[in-house]
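Below are the chains, spelled out letter by letter.
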Amino acid sequence: MSVNQEFRPKIVAFCCNWCSYAGADLAGSSRLSYPADVKIIRVPCSCRVNPMFILRAFEKGADGVILCGCHPGDCHYSTGNYYARRRMTLLFSMLDFMGVENGRTRVEWVSAAEGVKFSTVMNDFVEKIRSLGENVRLGDLRCKK
Amino acid sequence: MIFSYYPGCTLRNKAKDLDAYARASAEALGFTLQELDNWQCCGGVYPLGTDEIASKLSSVRALAEAKDKGQDLVTLCSACHHVLKRVNDDMTNVEDIRTRANNYMKLAEPYAGETKVLHFLEVLRDVVGFDTLKEKVVNPLTGQKIAAYYGCLLLRPGKIMALDDPENPKLLEDFIRALGAEPVVYPYRNECCGGYISLKEPDMAKNMCNTINESAKGFGAECFITACPLCRYNLNKTEQGLPVYYFTELLAEALGVKEGAL
Amino acid sequence: MNAKEQVQQISGVNPYKCMKCGKCSATCPAYEEMDIKPHQFVSYVQSGNIEALAACKSMWKCLSCFACVERCPRDVQPGRILDAARQIVVRQRGGNYLTAEEIPPLVDEDLPQQLLVSAYRRYKR
Amino acid sequence: MQRIGVFVCHCGSNIAATVDVKKVAEMARLEPGVVFADDYQYMCSEAGQAKIGAAIKEYNLTGLVVCSCSPRMHEATFRKCAERYGLNPYMVEIANIREHCSWIHKDMEEATQKAVILARAAIAKVNLNAPLQAGESRVTKRALVIGGGIAGIQTALDIADAGYEVDIVEKTPSIGGRMSQLDKTFPTLDCSACILTPKMVDAAGHEKIKIYTYSEVEKVSGFVGDFTVDIRKKARSVDEAKCTGCGVCQEKCPSKKTPSEFNRGLNNRSAIYTPFAQAIPNVPVIDREACIKFKTGKCGVCEKVCQAGAINYAQEDEIITEKYGAIVVATGFDTIKLDKYDEYAYSQSKDVITSLELERIMNAAGPTKGHLERLSDGKAPKEIVFVQCVGSRCSDERGKPYCSKICCMYTAKHAMLIRDKYPDVNVTVFYIDVRTPGKNFDEFYRRAVEEYGVNYIKGQVGKVAPQPDGSLLVQGSDLIDNKQIKIKADMVVLATAIEPNQGVRNIATMLTASIDTNNFLTEAHPKLRPVESPTAGVFLSGVCQGPKDIPETVSQAGAAAVKVIGLLAKDKLTTNPCTAQADELLCNGCSNCAKVCPYGAITYETRQVNDHGIREDRRIAVVNKALCQGCGACTVTCPSGAMDLQGFSNRQLIAEVDAICR
Chain C
0 MSVNQEFRPK IVAFCCNWCS YAGADLAGSS RLSYPADVKI IRVPCSCRVN PMFILRAFEK
60 GADGVILCGC HPGDCHYSTG NYYARRRMTL LFSMLDFMGV ENGRTRVEWV SAAEGVKFST
120 VMNDFVEKIR SLGENVRLGD LRCKK
Chain B
0 MIFSYYPGCT LRNKAKDLDA YARASAEALG FTLQELDNWQ CCGGVYPLGT DEIASKLSSV
60 RALAEAKDKG QDLVTLCSAC HHVLKRVNDD MTNVEDIRTR ANNYMKLAEP YAGETKVLHF
120 LEVLRDVVGF DTLKEKVVNP LTGQKIAAYY GCLLLRPGKI MALDDPENPK LLEDFIRALG
180 AEPVVYPYRN ECCGGYISLK EPDMAKNMCN TINESAKGFG AECFITACPL CRYNLNKTEQ
240 GLPVYYFTEL LAEALGVKEG AL
Chain Z
0 MNAKEQVQQI SGVNPYKCMK CGKCSATCPA YEEMDIKPHQ FVSYVQSGNI EALAACKSMW
60 KCLSCFACVE RCPRDVQPGR ILDAARQIVV RQRGGNYLTA EEIPPLVDED LPQQLLVSAY
120 RRYKR
Chain P
0 MQRIGVFVCH CGSNIAATVD VKKVAEMARL EPGVVFADDY QYMCSEAGQA KIGAAIKEYN
60 LTGLVVCSCS PRMHEATFRK CAERYGLNPY MVEIANIREH CSWIHKDMEE ATQKAVILAR
120 AAIAKVNLNA PLQAGESRVT KRALVIGGGI AGIQTALDIA DAGYEVDIVE KTPSIGGRMS
180 QLDKTFPTLD CSACILTPKM VDAAGHEKIK IYTYSEVEKV SGFVGDFTVD IRKKARSVDE
240 AKCTGCGVCQ EKCPSKKTPS EFNRGLNNRS AIYTPFAQAI PNVPVIDREA CIKFKTGKCG
300 VCEKVCQAGA INYAQEDEII TEKYGAIVVA TGFDTIKLDK YDEYAYSQSK DVITSLELER
360 IMNAAGPTKG HLERLSDGKA PKEIVFVQCV GSRCSDERGK PYCSKICCMY TAKHAMLIRD
420 KYPDVNVTVF YIDVRTPGKN FDEFYRRAVE EYGVNYIKGQ VGKVAPQPDG SLLVQGSDLI
480 DNKQIKIKAD MVVLATAIEP NQGVRNIATM LTASIDTNNF LTEAHPKLRP VESPTAGVFL
540 SGVCQGPKDI PETVSQAGAA AVKVIGLLAK DKLTTNPCTA QADELLCNGC SNCAKVCPYG
600 AITYETRQVN DHGIREDRRI AVVNKALCQG CGACTVTCPS GAMDLQGFSN RQLIAEVDAI
660 CR
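Chains as they are written, first to last, in numbering that gives the first Met the number 0: chain C, 0 to 144; chain B, 0 to 261; chain Z, 0 to 124; chain P, 0 to 661.
With the rest of the complex left out, here is chain C (with noise of 0.2 Å):
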């Protein structure tokens, strides 16, 4: 396999307050590890997430963004997470178009009780993150060191 272990990727998380960030929470509790990569951004809904700050992310040399939110159905707001797949659908097919990766963007639904699918899936997107290496495009040149 040529992962490059060196190659510490930068990832985004978005994670709704009412779930994603209390399963979070709850693998932090249960002390289930995921890499140091992932950083977590708290917005109150998935709905919050504008796809502007997922393209920031990538111009700033982000390597993967991953948004994380209520089961469908069980958004504390009632449909928030249902505008946040339609709008990320539509984001992740224009960004692959333009050359990211659809395995550098992600939606996750995990609930305040699964911080062992917090866990899972952090450590898999990071896998999948490392695998593909260091994201080229997008990066604003002037944001490298």
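Just so you know, these hints were derived from the structure itself, not from any lab.
By construction, the Cβ of each residue, glycine as well, lies at the ideal position given by its N, Cα and C atoms.
Errors might be hidden in some of the hints.
[Stated by the list, open to error] Label pairs and their computed distance ranges (CB to CB):
#, chain 1, residue 1, chain 2, residue 2, range
1, B, Glu26, P, Ile479, 56 to 66 Å
2, B, Thr141, Z, Lys56, 48 to 58 Å
3, P, Thr187, C, Glu126, 48 to 58 Å
4, B, Lys105, P, Lys487, 57 to 67 Å
5, B, Glu94, P, Ala535, 40 to 50 Å
6, C, Glu126, P, Ser12, 22 to 32 Å
7, B, Thr210, P, Asn281, 46 to 56 Å
8, B, Gly29, P, Gly246, 58 to 68 Å
9, P, Lys482, B, Asn209, 15 to 25 Å
[Said to hold, decoys possible] Anything over 12 Å on all C-beta distances counts as not near chain Z; from chain B, calculated:
#, residue
10, Ile1
11, Ala27
12, Leu35
13, Asp36
14, Lys66
15, Met104
16, Leu106
17, Ala111
18, Glu134
19, Gln143
20, Glu213
21, Lys216
22, Glu258
23, Leu261
Starting from the structure of chain C, add chains B, Z and P where the hints point.
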């Protein structure tokens, strides 16, 4: 309707009748079993080891041939059915086995579990339908009390075989009813007959078959039907045991095609 | 790879999922013939006592009927563990439980080919 | 420019063991806007908070970043602290360096590096924070309890006794729930009905409690303090005001072939029925599926025999809309279906029964009038086998992964009662573990063994085989003796796993309350907030939250009631100030935001704006702060970027992204 057909080693030898009655009945019911051109023995038992590839290849070959023909693959013998269905499940769901098997086989197009494996009984139930079967019966077996013997391989593991409820199956009972006879339900119909153990430990197999026989007799059965030549062989060793028939023999009889089938 | 890891790898079973309920032993039709009982297969792997497992008689008595696999509430599949131990034995030189010379006297007129094929697969490399 | 203070918590060794806290503070000092950074052992302690206060004064701080545990844990603590020392509480941000960092990483260098980045993101955000003022909303002083079992009844009684109005909505024709089906209760062997019925009567007679039976919650809108709920009162076909509960209609009803839900299908009931004699209300319902009048138009016997003229075939479902300040979920449990466990022959033999069915058989009002007998032939059993953990503790898809918690104790109870009443009956219990934590629980189980001679065997049952003579051959293992044993039994009782009631998922969705993979409702915190749902104003009572026995259920019911009372006692609630706001200069009045708002919080008005000196009338979005819950759906949908969310603004989130990717 034409199905690809995998007879297996025993149906070409000791269990020729299981095969012949099935083919004759199939024609009577309006479908054809078309034997695969190049089938090899399935090995009799499913290789459980996750690292065993070579012993699964004969099954993959059969599955891939059926795929090329675009047909579902029908089997009769419980053991062949068990092996083919499980290997097919591996090829569908276990990436490691799929990759390694395809690397060996070097098929024009890699095989990934596309073929649907059906037991002959599934064809009767899901394609022909037991209601239709009932209509086509010319010699109903009225009054006969028949115990269905499933054995273990036909049903287990339930998740993969997905043939029927592994603990309380109905398939053969419904089949018996369709032929006009009366099914006898007894608790040991899904317990093992001893299988290959009878070669070196014949007494063990005899004990098991005794239990099965006693239970079926106790509930009033007059005979067994089975789909497996090995089950039949073992059950036949029971002293004063009930007679054992292949289910296809009774099917051919009920459909009036028994004469001349052999 | 040590023997314990080898068994785990060949069987694909995680013995630590076992909750020691004994349902496998409750359900095994060959139980009386076995020296090491189905629920013990799991604990032998847990404790790494593969040598004893590989020397047991049980592996030649198992019917591969999958009753333990079907009914196990923890999806541990003791039958697979035993089969892995059997694999380790038959893959070694001289580990066969059945030789060609033994067969002729065992065969009778009705014996289905399937029986020989299966026994060969299970007992022999 | 902000003047930010950064406070890094050690959390004892929880953080400090894996994160170099001094390094985090040191690195934070280098960030723009930071004028002070320090670390301390327990930031949330009084001394820690005093440290924060002192720094606010000394360095004239305008914003705080606390690097500590999850904001879900202590954000409120630190906001209050800030407020106490004169800072707007919304000028505080938390960097979660415990749950999201120290607890999941092992390498000190790696964890420290991540903590620095998380702190950096929080600092970047605080730099853009603005003081926010929480608004106020009203509290409707009435509570709704969904489910009328012992959990719901107890919660309702406690709330009502504190002087607040409570409504109970119960799906079945009577309150009482599972407890009304039980014969005796462990560990004291009280008669279940004797202790439950008075509570049911109390609830029915309480001036503050209104009971809607044969009713279901259909729609929920609003939020804490101000929920609006639609309740569907299903047509009973019997006028509650007129019915005297004489029972003649049930006696005379010619359709008597419907399996009784209350008796778990062990016997039949009539089409017009009350589930049991002590039902509350004692008013029957007509099961329209079974009723001959409804099926064929002919019959009408009940109408003829009813002296009170209470039968009303034309009655229709009624929707009642009511406002509530708080909602308690108390939907309870059922036993799982056993169709996937037929190795125990449940569907093949009438003499293989569940424990709940045994409760009905043991009960004097049950199908056998309390006589222990086989349902197949009515004979008295001489050999009974109990099987534990049927469907519980299963990691395959057939069963449930959790322990159902109540089975060990009720099986000991059943075994003891049988041995007490029928000393000639042999009782064997197959168990995997006997779990009896609870006051007087283990003593109770030991009595079953030592005084009543119940035979406990460690091992599971593999197969139950019905025999031609009607007996059941139970094949199990005895792990202590290392034997496979076979017992010829007359009756087999399965300790069937319990699961949350059907329909609870639907209720959770209506309440936007979170639910786990096993359909148990999630609590706000597993230890510290066990009776609250993460959704404000929604509380949990009984088994809907997790398996529990009656004493635990009653305790939790009381606790949920206290939480409700605490909420209803307030006249106003402070609302979340993190609401959306439209920039009137950017808004073009396109109406997209209103379409995605789940609360109808956005309206439009024409307003005169001054756009760089040009005054003109424009159609502009206006957000109702009381209705907006701050999800942010509108902010993303807004094409002109006019809509933004306070506390989670576009600039703040982008600053966080930048800080992480830097």
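Consistency of the hints with the structure:
1. Glu26(B) to Ile479(P): 56 to 66 Å: Holds, at about 59 Å.
2. Thr141(B) to Lys56(Z): 48 to 58 Å: holds (49 Å)
3. Thr187(P) to Glu126(C): 48 to 58 Å: Roughly 55 Å apart at Cβ, these two residues keep to the hinted range, so it holds.
4. Lys105(B) to Lys487(P): 57 to 67 Å: Given a distance of about 59 Å, which is inside 57 to 67 Å, the answer is holds.
5. Glu94(B) to Ala535(P): 40 to 50 Å: Hint holds: Cβ distance 46 Å, inside 40 to 50 Å.
6. Glu126(C) to Ser12(P): 22 to 32 Å: Because 30 Å falls inside the window, the suggested range holds.
7. Thr210(B) to Asn281(P): 46 to 56 Å: holds (54 Å)
8. Gly29(B) to Gly246(P): 58 to 68 Å: Holds, at about 60 Å.
9. Lys482(P) to Asn209(B): 15 to 25 Å: Holds: the Cβ-Cβ distance is about 21 Å, inside 15 to 25 Å.
10. Ile1: holds (26 Å)
11. Ala27: holds (26 Å)
12. Leu35: holds (18 Å)
13. Asp36: holds (20 Å)
14. Lys66: Given that every Cβ of chain Z is farther than 12 Å from that of Lys66(B), nearest at about 25 Å, it holds.
15. Met104: Holds: least Cβ distance 20 Å, greater than 12 Å.
16. Leu106: Correct as stated: the minimum Cβ-Cβ distance to chain Z is 24 Å, above 12 Å.
17. Ala111: Correct as stated: the minimum Cβ-Cβ distance to chain Z is 20 Å, above 12 Å.
18. Glu134: holds (34 Å)
19. Gln143: Gln143(B) is indeed farther than 12 Å from all Cβ atoms of chain Z, at 24 Å.
20. Glu213: Non-interface label on Glu213(B) holds, nearest chain Z Cβ at 14 Å vs cutoff 12 Å.
21. Lys216: It holds; Lys216(B) is separated from chain Z by about 19 Å at its closest Cβ, greater than 12 Å.
22. Glu258: holds (24 Å)
23. Leu261: holds (17 Å)
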